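Can you build the whole structure from these sequences, using the hints too?
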Amino acid sequence: MLAQQRQQVILERVRGSGGVRVADLVREFGVSDMTIRRDLEALAERGLVEKVHGGATATGPGSTEEPGFTAKSARQQPEKEAIARHAADLVRPGTAIALSAGTTTWTLAHFVTDVPELTVITNSIRIAEVFHRAPRADRTVVLTGGVRTPSDALVGPVAVAAVRGLHVDTLFLGVHGMSVRAGFTTPNLLEAETDRALVASAHRLVVPADHTKWGTVGISTIAALSEAHVLITDAGLGQEAREELATRVGELVVAEPARHDGTRDR
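Read in numbering that gives the first Met the number 0, the sequence shown has 128 at position 129, and its numbers run on one by one without any break.
Hints listed in this document are in silico derivations from the structure and should not be mistaken for laboratory results. Note that the coordinates shown come from a computational prediction; the quantities given were computed from them, not determined experimentally. You may find that some hints are simply not true.
Here are the simulated distance ranges between beta carbons [unchecked claim]:
| # | residue 1 | residue 2 | range |
| --- | --- | --- | --- |
| 1 | H109 | H52 | 17 to 23 Å |
| 2 | E27 | D88 | 33 to 39 Å |
| 3 | V141 | D23 | 28 to 34 Å |
| 4 | G214 | P256 | 20 to 26 Å |
Beta carbons are placed, not taken as given, at the ideal position from N, Cα and C, and that holds for glycine.
If you want it as structure tokens, here you go:
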């Protein structure tokens with residue numbers, strides 16, 4: 000296959016799913032990592048895709064544009080993993096937690112599959128799959144029904160009805176954006192309603208959100224910044240934003256990446 004033909008196929012993949020991973024394209028086309036990266040660079044130079052860590056996504060997001068799960072999972076992977084490791088420290092055996100849909104909460108799910116006697120409520124198909132693939136007899140997983148969004152969340156009246164009446168110790172809330180004016184937001188109106196029901200069910204609200212979420216505003220507000228008991232972000236967040244958030248959330252935690260020996264930088 001010629002480079003131009005391969006790039007056209009890659010562009011169709013991006014437009015169809017919202018994003019692609021380099022590793023997936025290497026396997027699909029049977030070419031080198033460098034070849035795929037050159038393809039993505041060529042597409043990015045033409046303004047057709049946006050290069051991100053480990054892949055590429057569609058360009059030009061707006062307040063109602065909702066990237067697919069693949070697109071979002073390709074973004075800020077090291078930062079999301081650092082945030083997820085810190086968030087996992089807040090999960091205790093024998094508790095009930097809720098994980099809303101999102102790639103950061105999906106990453107978190109992988110770090111808590113070994114926690115004993117855990118009850119998990121989620122409206123994310125992807126998160127439910129993580130626990131399904133790592134079964135434990137002492138764990139209960141409740142997946143709400145609902146209408147499926149591009150990011151594989153289940154939302155709408157059925158999801159809200161499933162959440163109402165539940166009471167969880169901690170909700171880990173995935174968000175599209177956060178700002179002083181709009182708070183924590185999503186580009187999907189039905190998802191906002193479902194997430195608000197999850198917030199109402201939780202004794203403690205923890206928001207794991209990487210630095211790129213700051214200043215991004217979706218069409219609908221889920222919660223005010225002040226409603227978050229803990230906000231976990233990464234070292235890429237600027238000092239001014241840190242100071243602003245520290246005055247509005249209960250606790251601001253800045254996650255540092257793990258070193259090669261498995262410990263965290265201080």
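query = In ascending order, which of the hints set out earlier in this document are inconsistent with the structure?
reply = Of the numbered hints, all hold.
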